[in-house]
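Peer 1: Add chain B to chain A, keeping to what the hints say.
Number of protein chains: 2
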Amino acid sequence: MSAPQDYVTRELASFHDDFAELIAIPSISTDPARAEDVQKAAGWVRRRMEQAGLDASIEQTDGHPLVVGRHDAGPDAPTLLVYAHYDVQPADPLGEWRSPPFELTREDGNFVARGAADDKAQVVLQIAAAEAALRSGGLPVSLVLLFEGEEEVGSPNLRRWVAEHRDELRVDHAVIADSMMFAPGRPSLIFGMRGMAYVEVDVRTGTHDLHSGQYGGAVPNPAHILSRIVASFHHPDGRVAVDGFYDEVLEVPEALRSGWAALGYDEAAFQRSAGGAALTGEPGWATHERLWVRPCLDVNGMISGYTGPGKKTVLPAVATAKVSCRLVPDQDPERIARLLEEHVRTRVPDGVEATVHRRQTNHPWRAAPEGPLYRAAAAALADVYGVEPVRVAHGGTLPIARDFSEILTPSVAVMGFALPGANMHAPNEWIAVEQLEKGMRSMVRLYEELAAGR
Amino acid sequence: MSAPQDYVTRELASFHDDFAELIAIPSISTDPARAEDVQKAAGWVRRRMEQAGLDASIEQTDGHPLVVGRHDAGPDAPTLLVYAHYDVQPADPLGEWRSPPFELTREDGNFVARGAADDKAQVVLQIAAAEAALRSGGLPVSLVLLFEGEEEVGSPNLRRWVAEHRDELRVDHAVIADSMMFAPGRPSLIFGMRGMAYVEVDVRTGTHDLHSGQYGGAVPNPAHILSRIVASFHHPDGRVAVDGFYDEVLEVPEALRSGWAALGYDEAAFQRSAGGAALTGEPGWATHERLWVRPCLDVNGMISGYTGPGKKTVLPAVATAKVSCRLVPDQDPERIARLLEEHVRTRVPDGVEATVHRRQTNHPWRAAPEGPLYRAAAAALADVYGVEPVRVAHGGTLPIARDFSEILTPSVAVMGFALPGANMHAPNEWIAVEQLEKGMRSMVRLYEELAAGR
Chain A
291 MSAPQDYVTR
301 ELASFHDDFA
311 ELIAIPSIST
321 DPARAEDVQK
331 AAGWVRRRME
341 QAGLDASIEQ
351 TDGHPLVVGR
361 HDAGPDAPTL
371 LVYAHYDVQP
381 ADPLGEWRSP
391 PFELTREDGN
401 FVARGAADDK
411 AQVVLQIAAA
421 EAALRSGGLP
431 VSLVLLFEGE
441 EEVGSPNLRR
451 WVAEHRDELR
461 VDHAVIADSM
471 MFAPGRPSLI
481 FGMRGMAYVE
491 VDVRTGTHDL
501 HSGQYGGAVP
511 NPAHILSRIV
521 ASFHHPDGRV
531 AVDGFYDEVL
541 EVPEALRSGW
551 AALGYDEAAF
561 QRSAGGAALT
571 GEPGWATHER
581 LWVRPCLDVN
591 GMISGYTGPG
601 KKTVLPAVAT
611 AKVSCRLVPD
621 QDPERIARLL
631 EEHVRTRVPD
641 GVEATVHRRQ
651 TNHPWRAAPE
661 GPLYRAAAAA
671 LADVYGVEPV
681 RVAHGGTLPI
691 ARDFSEILTP
701 SVAVMGFALP
711 GANMHAPNEW
721 IAVEQLEKGM
731 RSMVRLYEEL
741 AAGR
Chain B
291 MSAPQDYVTR
301 ELASFHDDFA
311 ELIAIPSIST
321 DPARAEDVQK
331 AAGWVRRRME
341 QAGLDASIEQ
351 TDGHPLVVGR
361 HDAGPDAPTL
371 LVYAHYDVQP
381 ADPLGEWRSP
391 PFELTREDGN
401 FVARGAADDK
411 AQVVLQIAAA
421 EAALRSGGLP
431 VSLVLLFEGE
441 EEVGSPNLRR
451 WVAEHRDELR
461 VDHAVIADSM
471 MFAPGRPSLI
481 FGMRGMAYVE
491 VDVRTGTHDL
501 HSGQYGGAVP
511 NPAHILSRIV
521 ASFHHPDGRV
531 AVDGFYDEVL
541 EVPEALRSGW
551 AALGYDEAAF
561 QRSAGGAALT
571 GEPGWATHER
581 LWVRPCLDVN
591 GMISGYTGPG
601 KKTVLPAVAT
611 AKVSCRLVPD
621 QDPERIARLL
631 EEHVRTRVPD
641 GVEATVHRRQ
651 TNHPWRAAPE
661 GPLYRAAAAA
671 LADVYGVEPV
681 RVAHGGTLPI
691 ARDFSEILTP
701 SVAVMGFALP
711 GANMHAPNEW
721 IAVEQLEKGM
731 RSMVRLYEEL
741 AAGR
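As given, the protein sequences belong to chains A and B, one line each in that order.
When the letters of the first sequence are read in order and numbered with the numbering used here, they come out as residues 291 to 744.
When the letters of the second sequence are read in order and numbered with the numbering used here, they come out as residues 291 to 744.
Only chain A is shown next, with the shape it has when bound in the complex:
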């Protein structure tokens, strides 16, 4: 074993202590009452970076601060940026936790706590890997650890900060360390995330709700009209029926599909995690393909009239649906939002008012999963796990992946060490104990591989 790997072996218990310290700070970014704890966590991260031998600073934003740790390996070394976040989701419902959420608890082979998987293990293991390299003879790449405190509130200030500091950042590669592996024992490199177009549709028939006996049958019902609109979003077979929706969707190379088919995607495990839901959708595509490279349209919320317990004979005046599309290259979210507006507009009867409000648009992101970063990361992960990592895409939306590739470098990969079913954002969030160590060892190897430029 190399000197940095020996360092990891020797200091592992102390890194676990670090993890427990950071977990104990309830840095819930969504809760204004926890603003001081978020600051406290930022301070902890900065001090720990300095202790590791990095130049560390707290960078103020309009919201919670960023913490940046740097090491300069000279002009010939490649520069790697690693992104993670030190803020966490709220812990409620508290009653469902088996142990106190802000107390790192060992349960069989797992650490259980809020933030264990998302994303404090990454914060700790990235600092630990840098320390292991620095303290045992040098870190062979220039490193920028960019740790955010606002991921759980949608990273409102990150893109601007990155754009404003692009000149000082000048990185060759970026790793987004906020994700999970394909399966236990099977690491992954994620090279694509879907984009988003999120709109809200309001259908209004009059100024106020009416008595369904005194008006029923004589006036239109916005819940019926909205239902017709929502029903019209899909063909009966599951394809999205919005005109032009698929126009800009890139073809998926056969090689990619057959490679993925060989992975043995665990549909049964996926279905269990989905609460037993049927696995249906756009025909002609496997479950993992529908998630990774096909766009979709979903109602995220819908309401009209009386929705409390029991019955009320009200004829509603308004019906509302929140509708989001997950997008793949090269769908343009603004264009998709326009298509949705047009789809709704042409389906509203005379005398009824429908409005479509744009709530969010994000471009999809997809990298070419080749080049030095992917080669180095694959070699590093293969070395640590004894198996080649899978190169996959992901159904979620990660705006910073696109931001980094637009502003900093096209060489962006998403990787993480949590495991499927980690209860992120839910009670009893966990990460396997050994994943911290393997994460540190993977990062140390990644530095070496990147520096070697293989």
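What the hints contain is simulated information worked out from the structure, not anything from laboratory work.
Incorrect hints may appear among the rest.
For chains that are exact copies, the list does not tell them apart, and a pair is met inside one copy or across any two.
25 Å max Cα-Cα, derived SDA-like pairs, lysine to any residue [stated by the list, open to error]:
#, residue 1, residue 2
1, 601, 321
2, 330, 598
3, 602, 563
4, 602, 651
5, 601, 563
6, 728, 340
7, 602, 562
8, 601, 494
9, 330, 699
10, 601, 393
11, 728, 428
12, 728, 341
13, 728, 396
14, 728, 741
15, 601, 306
16, 602, 301
17, 728, 554
18, 728, 718
19, 601, 641
20, 601, 518
21, 602, 518
22, 602, 494
23, 602, 529
Peer 2: Positioned in the frame of chain A, the structure of chain B alone reads:
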């Protein structure tokens, strides 16, 4: 003028004082904190009936009591039952009232207060009419005033009480005094009310909500399925598309339709009261016909996923709709509920669970608008208002109309003296001052006409 009409003239101011007294008791039956006030109102009604010369009693039920006032005019006189209710709706939103809701306030030609139109004016004017007849030489019919304290909570105990007391009641005619006139200056006799079949439809795809990025496109969305079901309830032209829905609907006689067409139903006023909603529905029927003699199906409430402010990328596990049908003779509400269940059942995809819960079923009611009661009432109203009353139906559901006709007598009419737009159940409820007097005079005339048997 007859002696009873003179009595009304003489005592009118004092009847207005009675009205103010009863209004001042906030007998809100839906509010458990107001239970004592409901009792207090019942006591007030009983004492006032006795003062009028009636035999009065408070009849306990499992809920709020009934108050019954009787006069026996001997075995040869016809017996008339008059139903009204002394309970009221809550007054909120309080901020929207122009005057204190439980203080009878005169505003131009109107009395404004909670319960002014619904239904305390009726309670007072019915007692006043009986007193006017009794104190000025005799009431020519046997009278049963049956005043309820639970109308606003759905009359849960009335049908049973009536059924248990059918032998002592033995009435020839029943007037339900809880309604409004066709238009100002145009009294009405209502001979039909729609029935109801109210169900709740739940569509469930899995055990819990999912992340729309991690699952969107791979699993079914219950909001889409529910929307398809709701959309399938109607043909595009507005007709209900549930198989067999219209099978038992009676034909509407041409004479009735042409009579109604001649009434000059004020569509513009109706549309204003509907908050400007378009007047659309089943083709081939005028607005008033769709309300009075055609059945309909309406979503009363619908909910799925996240419905708070802003956006949340949730893929819901459940979608729910409250659906009610207003029914006309001879539709059987239990059969319609079964048709709805069948309609939903055959439209649920494999692997998705849908359940239909029955929440309420009421038979429609329609009387033959002829015979002694309708003739006497028409003569009385024509005498007081100087114009023939219109004989119409109503879109709402009034279970007691059907109950009375099944248990007591087929000779049932609904009549009232409130005016359209009375803000029943809303702030600034009102009744025209002159309507109390005209109501008293109409009832006094009705006794005389009924006794004369014309």
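Peer 1: Of all the hints numbered above, which does this structure not satisfy? Sort the numbers upward.
Peer 2: Hints 2, 9, 10, 15, 16, 19 are the ones this structure does not satisfy, whereas the remaining hints hold.
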